[in-house]
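Novice: Chain order of the listed sequences is Y and A. Every letter in the first sequence is one number past the one before it in the numbering used here, and letter 39, counting from 1, is 39. Every letter in the second sequence is one number past the one before it in the numbering used here, and letter 45, counting from 1, is 1045.
These are computed hints drawn from the structure, not numbers from a lab. Hints may be right or wrong, so weigh each one.
[What the hints assert, rightly or not] For each label pair, taking beta carbons as the anchor points, the in silico distance ranges come out as:
#, chain 1, residue 1, chain 2, residue 2, range
1, Y, Ala267, A, Val1009, 34 to 40 Å
2, Y, Glu107, A, Asp1044, 53 to 59 Å
3, Y, Lys310, A, Arg1027, 50 to 56 Å
By construction, the Cβ of each residue, glycine as well, lies at the ideal position given by its N, Cα and C atoms.
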Amino acid sequence: MRSATLSSDRAACLWIPLFPLRCEEHRRPDLEKKPLALLSATDTRRVWQIAPTARRAGVSVGMTVSQAIGLCPTLVLIEPDPVYYDEQFTHLVAALGHVSPVVEPVELGRVFIGVDGLERLIGPPEQQLAMMRRALDRRTGWASIARLGWGRGKFVSWIAAARAKPGKPMIVRDHEQRTFIAQQPTAVLPILPDTHRRLVQLGLKTLHDIAQLPEVAMVSQFGREGREAWQLASGLARDPVIGQEHPEPIVAALHFSVPIADRLLLANAIHKLVERALKHPRRIGWRVRATRVRAKLEHGASWLAEAIHKDPTAYSERIVAPLKVRLEQSPPTGAIETLTVEFTDFARGTQELQLFARDAASSVRAGRQRALEHAATEIKSRLKRPMLHHIIEVQPWSRIPERRYALIDFEH
Amino acid sequence: MERTAVDVVIDSWRINDEWWRNPVSRRYLDIVLEGGGHVVVFQDLVTGDWYLQKP
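Working from the sequences, and respecting the hints, build out all of it.
Specialist: So this is what it looks like as structure tokens:
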């Protein structure tokens, strides 16, 4: 797990505009050339994101569905799937984590990557960005549409990414930075719309215009926001990339040879998987903040339930309780073939005193786990298939003996 | 599988289950083999095939 103190002065920025819309095109390539619009998650009568083809037909963000269809009768409307977008973005961030340990996601589709030290490891900025593209190419499908920028600080790298074209990264070297910043319009500054309007009224159109002013003049007009704007415009702001704690998800999965539909059995299986995931050595010192349960159903459908725990916990009962509620409220629509429990977010475990005792036991278990993993790898390499399994109690009350337990590969 | 004579049938029972999906209908026999081996076998009453129940 990464430390929260990781930071980097030099930054690369990766930006995929309209990321949720791109996710839909990624999922259904047949939609790529069509005029698409995503509905708002909070108000499904309005459109939230629009493909360029729909924009050309006159559709704009915030329009009602009836207005949008009136302007573009072939418009394809899609209900948003935030879980899927989040999942795709997580994969993207994880792929970039293979290039640099300092990764700071800002919003869906926009990530800063700290590049301090990569010069000696990988080479000049061109090679660093090429490596990011390769990492995306190998692990996600986003390399061809990602825009990449490189510069000192997040502000410069973000503008560079916004000016770059997919496949053609923009690099702003130190000696070019002053000129590059000076020619940017004031619209690139992260300021309130009202402040921007006032800057325009004062005749300040570019960052060069702002940098020419004394700092105190900007501060006296706009306060703290004015100081920050002046420092950004003058290239004096220090805005390093801060690597966030980014623990990798812990996953436990179970495959049913005979698909199950019984809710009680399903709840029991979720409980068992949560207990197994809690025993994972990576969980040591961390409480679970978010849990996701995924199920692959018969006939190719899927089911997903998520729970954010207000009080992060390491107790299985507390983790399972909200998942059971989800299960009751919106149960799967068919029998389940594969069930996966995933801890996706964590909080440090210092607030639960009992956790220390648990963690002492966990570290002992971790040693045993490592030894077992080593043995499992050896067995697999000798016999060409995994022969070591966990036995999970799934339906202990069943009259059919083979239903009572399930075997799952040890590596899961 | 090697053929071995049955010494004694300790118990027998029948189960019918999962009639709503793929019906399971079995007749179980808990038996002691000649030589002392102890096994549980069942006959699938849908197909008529015999199986050794592994623990």
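Novice: Please go over all the hints and tell whether each is borne out by the structure.
Specialist: Do the hints match the structure? See the list:
A beta carbon spacing of about 39 Å between alanine 267 of chain Y and valine 1009 of chain A agrees with the range 34 to 40 Å that was offered as a hint. Between glutamate 107 of chain Y and aspartate 1044 of chain A, the C-beta spacing of about 58 Å keeps the proposed range 53 to 59 Å intact. Checked against the hint of 50 to 56 Å, the C-beta distance between lysine 310 of chain Y and arginine 1027 of chain A comes to roughly 53 Å, which is consistent with it.
Of the hints listed earlier, there is not a single one the structure fails to meet.
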